[in-house]
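Chains as they are written, first to last, in our numbering: chain X, 1 to 297; chain Y, 1001 to 1285.
Derived by calculation from the structure, the hints in this document are not laboratory data. Because the structure is a prediction, the values reported are computed rather than measured. Heads up, some of the hints might be wrong.
Said to hold, decoys possible - Below 25 Å or equal to it, Euclidean Cα-Cα: the simulated PhoX-like pairs (lysine-lysine) are:
no., chain 1, residue 1, chain 2, residue 2
1, X, Lys87, Y, Lys1273
2, Y, Lys1282, Y, Lys1168
3, X, Lys87, X, Lys76
4, X, Lys273, X, Lys291
5, X, Lys291, X, Lys188
6, X, Lys52, X, Lys90
7, X, Lys148, Y, Lys1282
8, X, Lys76, X, Lys50
9, Y, Lys1168, X, Lys76
Said to hold, decoys possible - Per the computed footprint, the stretches of chain Y lying under chain X, defined by three or more beta-carbons under 8 Å from a beta-carbon of chain X, are:
no., stretch
10, 1172-1185
11, 1193-1206
Note that the Cβ used here is the ideal one computed from N, Cα and C, for glycine as well.
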Amino acid sequence: MSAVMNKPGKGSQNLKVNSAEMRVEGVSKSYGIAHLRENVVHNASFVIEKSKLTVMIGPSGCGKSTLIRLLAGFDKPDSGTVTIDGKPVKGPDRDRLVVFQESALFPWMNTYDNIMYGPRARGEVDDETKALAEFLLDKVGLTQFRNKFPSQLSGGMQRRAELARAMINFPRVMILDEPFRGLDAMTKELMWEYYAGLYEESRRTNFFVTTDIDEAIFLADRLLIMTNIPTQVRAVLEVDLPRPRNLKELLESDRANEIKMEALGILHEEAMKSFSSGSAAASDFIEAYSKRVKKKG
Amino acid sequence: MSAQVMTHQMPGPGRLRKMMTNQRFYRAITGILVFIILWEVGARSEQWAGFAFPWIGLVPPPTAVLGAWSTVFVESSYWMSWLQSFGRVLAGFTAAVLLGVPLGLAMAVSRTFNGLAFPTFEVLRPIPPLAWVPAAIIFWPTQEMAIAFVTFLGAFYTIVINVVGGAKSIDIRYFQAAQSMGSNGADIFRRIILPGVMPSIFLGAAVGMGITWEVVVAAEMISGGGSQIGGTAGGGLGFFIWNSYLGGSYELIVVGMISIGIAGYLCSSTIRKTGTWATPWKRLR
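Next comes chain X alone, as it looks inside the complex:
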């Protein structure tokens, strides 16, 4: 089956070779005008390594979504550069696909038509693409729901359909903005396994943004921890846990817990900083953190 995944559409080469690296260098971005202007991203630099799953975690409202818009090309940085394989990002392009926070499936198309949107838009519908669509439908467990409209799918199914819709385009970088936010805990864990499976199969460059530390550890090869607004990278952790991962093993793994505590410690420091500058969300985090750490100890 993996042979299908590794066989990209017309004219492109092997999928693994085709992945790209993205660099963000000294990027700043502000929104608003005059005295209401707020600096959202300040002098941020990081690398999204080729063929790796990079997870970005940071306090909510810290400017992660702004960074995504800059990476996708929906917005331009005030200063600094965003490059993909050394070439500056000029606007949205099919080489960088974004999976949004809440489902952005087209409500007027059924699951199959949604997945086939990209290939049809580019006039690349051939037997290979159709076979790939079938493979992806199967992979995300939606074969029986191919003719359903998004409104007829559950929240988890919608996110899976969206993953499949993105994957079929062979993006060189896949960007996911809290794609599993708002799902219940059980569904979320199921999503992680689907998503990690898709990643392990394709090994293309993935950039995944989240506020959930368990999600981050489960998925990441590299973990970028962000500061509060105006955001920049605070720390980079290598998550050197073997793949394929499963949740049970991860819960029992000392190494996983070690990384988690390290990450939480850094996030806690950031929360303390923003708490002192008056952030209510930060106080929630601090309370939750102190309980969690106490339990461990």
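Since the structure of chain X is already known, use the hints to place chain Y on it.
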């Protein structure tokens, strides 16, 4: 678009049976029966109570209306009125859809065009269609065209406004998603904007259809019986009512009114049905 419209359940023989066992169906029937009985009793109040109830006592009772209806029911002139009104409504409405939808889309898609067209549109829009009647009679060579034009105006503005509003309310993420999957302008228009505004088109059409019937009846009353003064136009259900009024037949006035009610209902339910058929994703929740 048609490629995306899924095959859906067609009304089968089970549908009638389902309707007969439907609680809502019986409620509707009961409501109508109660209304007719109250009307009959009220209208005949002078006979059984010795004095006429205010207002309702002056209205012909439904049995009398039914009697009058049965006499005109077999006359071709009555059906001619239906035909004429329907013809005008359909002509005006079709023109409003054919011109209004593209205009609305153009205004939604192009900022330049919107800047050029919107101010004029907004000045003309508040003018009630009936205020156009005298000017329309002067401008258009035939009275028939004048009536169709006024009818057209009734639906046109509503459709344009709904299309513009519908297109603007399409979630921006759909465009971003489409763009990043390599979609170009024409493709986005055809596969995102068009289906995205489809519900608004039908909403505008349904409201526009209602206004169209209001306008056509008034226009027919104002322009009068063209056929009587030797013209080619005239007639229609509006004129039918007016003529019955002039002839002093209150029963026939009510017959005309109910006819318009039925005609309007037929039109708007046709649009609703077409709407649900064309936007299958809306009814499957």
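Do the hints match the structure? See the list:
For the proposed pair X/Lys87 and Y/Lys1273, the alpha carbon gap of about 52 Å is over 25 Å, so the pair is violated. Distance hint between Y/Lys1282 and Y/Lys1168 is fulfilled; the C-alpha atoms sit about 18 Å from each other, no more than 25 Å. In summary, the hint linking X/Lys87 to X/Lys76 is supported, as the alpha carbons are separated by about 14 Å, within the 25 Å threshold. With a C-alpha separation of about 19 Å, the suggested pair X/Lys273 and X/Lys291 falls inside the 25 Å cut-off, and the hint holds.
Taken as a hint, the X/Lys291 and X/Lys188 pair is honoured in the structure, with Cα atoms around 23 Å apart against an allowance of 25 Å. Distance hint between X/Lys52 and X/Lys90 is fulfilled; the C-alpha atoms sit about 23 Å from each other, no more than 25 Å. With a CA separation close to 12 Å, the supplied pair X/Lys148 and Y/Lys1282 stays within the 25 Å bound. Between X/Lys76 and X/Lys50, the direct Cα distance comes to roughly 23 Å. Compliance with the 25 Å bound is thereby established for this hinted pair.
Between Y/Lys1168 and X/Lys76 the alpha-carbon distance is near 24 Å, which keeps this suggested pair within the 25 Å criterion. Under a criterion of three residues with beta carbons nearer than 8 Å to beta carbons of chain X, the stated coverage of the stretch 1172-1185 of chain Y is upheld, 11 such residues being counted. Coverage of the stretch 1193-1206 of chain Y by chain X holds. Counting CB-CB distances below 8 Å, 3 residues qualify, and the rule asks for three or more.
In this structure, only the earlier hint numbered 1 is contradicted, and the remaining ones agree with it.
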